[in-house]
Amino acid sequence: MIYMCLAYGLIPGMIANLALIVNSFFTLGILASFNAVLTLSGIAGLVLTLGMAVDANVLINERIKEELRQGKGMTRAIADGYGNAFSAIFDSNLTTIITGIVLFYFGAGPIRGFATTLIIGLIASFITAVFLTRMVFEALDKHHKLDKVTYTTAMTKNLLVNPTYNFLGARMKGYLLPCALVIAGLVGFFTVGLNNGIEFSGGRNYIIKFDQQVDNQKIREKLAPVLDNKLVLTAIGTEGDQIRVSTNYLIDDSGDSVEEQLKDKLYQGLSGFYKTTPSKADFDSYIVSSQKVSASMSNDIKTQALIAVGLSLLFMAIYILIRFRNVAFSIGAFASVTVTTLMIIAIYVLLWKVMPFTMEVDQNFIAALLAIIGYAINDVVIVFDRIREEVGNHPQADRFEVINGALNSTLSRTLNTSFTTFLVMAIVFMFGGASMRSFTFAILLGVVFGTYCTLFVATPIAYEVAKRRRARSAKAAK
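All residue numbers for the sequence shown refer to the working numbering, where the first residue is 48 and numbers rise by one.
It is possible that some hints are incorrect.
[To be verified] Pairs of lysine to aspartate or glutamate residues, derived as DMTMM-like cross-links and limited to a Cα-Cα distance of at most 20 angstroms, are as follows:
no.	residue 1	residue 2
1	K112	D194
2	K112	E436
3	K327	E307
4	K256	D311
Source of the hints: derived by calculation from the structure; they are not laboratory data.
In this text the structure is predicted, and so the values were computed from the model without any measurement.
All chains should be modelled from the sequences, with the hints used to inform the complete structure.
Dropping the structure here:
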């Protein structure tokens, strides 16, 4: 809220903030009418929705600001700003909703909660951003309350005004970072591997409570030999007095005797970490929860996750093709979102052993990937929408210059929306607790990589594909 006021001034900023507050009430009200349970993943969906809802308000404010710079009056600037922003907002929201539907259909438990909140929040966001804020702006304009409003502040007045960066000219350099990171991730995948959660590797999962704070590394050192070094993960809870133990020890065996044997092993390894050591019989009360995922079940979950990610990417490409009727845009969007996804996976391959929090690949990680696919395509769609508009306005102009101009004209919006989404997810990362940290870290990476790929992967590839298609068409005409 503070940032929106700093970026666009008090009145436009507070109107956008009002839309966000109403959006939150709409979302929570609809969830309440469904008798939905508000889980941690649902709260993450709500926060991500707020981050993405800012996107629509930023886009509208940026378009109105552009119209004012062209010398239009406030009434005309509001009408043209909303009119020009509508298609981009509609497309970007719909593509993310498609991802949410895939998430809901293929997900389970917390993923469905996240998807439900995301879909409801995006629909509410569309209504509040496109209709509610316009009513407020037009009412204020009618009473001459916006006569001195410029949609800028001292901080943003001269920020990225008519930038002239040569994005297409630097496209070969821009390809280097994604290529290097994906290759490093590929090498790491075959040498280090991913830190698979039990949902993907098979195993048993226990959450165990202590009567004091415990040291993660000391528990790992004590417990690993007891479980024949088949300890997949030991993670500390938010207060430091709970741990999650995941292990594939005796995963192929089942029955009550095996469960008792495992509890004995846990008691043997952990009993020394209590202030008051519980008896073996009392130790059961310290096991908060336990679950088992068989190898066959984990393969099914893994297959389902891969299908969900693959279908999301495919649906995005198909929608872009239908909406823009240009295969170059579809290929560029598909390449950008795919590269963004691979870069996130590469970071998880390369860093999971050194980061101070758990970087586990599980269903929550897949949910984060799918959320980023929706977010990244959102960014791409808005840039492509401006390119289509500029090409329509200047059909005979050089495409290289037109596309560079479109990228520069949307740069302020791209950076503003990325920063606001990054800001809200950074807050969740810091204050959302240990169980949300891996999920939100993936989304933070996705915001950064998605923005980069929009500028240096999606648009350059779309340009190159379109250029080659035009060259082939010209050759065939001769």
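These are the hints, each one checked on the structure:
Between K112 and D194 the CA atoms are separated by roughly 13 angstroms; this keeps the pair inside 20 angstroms, and the hint holds. Proximity of K112 to E436 is assessed by CA-CA distance (about 17 angstroms); at most 20 angstroms being required, the pair is judged to hold. Of the pairs offered as hints, the one joining K327 and E307 holds, with about 11 angstroms between alpha carbons and a cut-off of 20 angstroms not exceeded. Of the pairs offered as hints, the one joining K256 and D311 holds, with about 16 angstroms between alpha carbons and a cut-off of 20 angstroms not exceeded.
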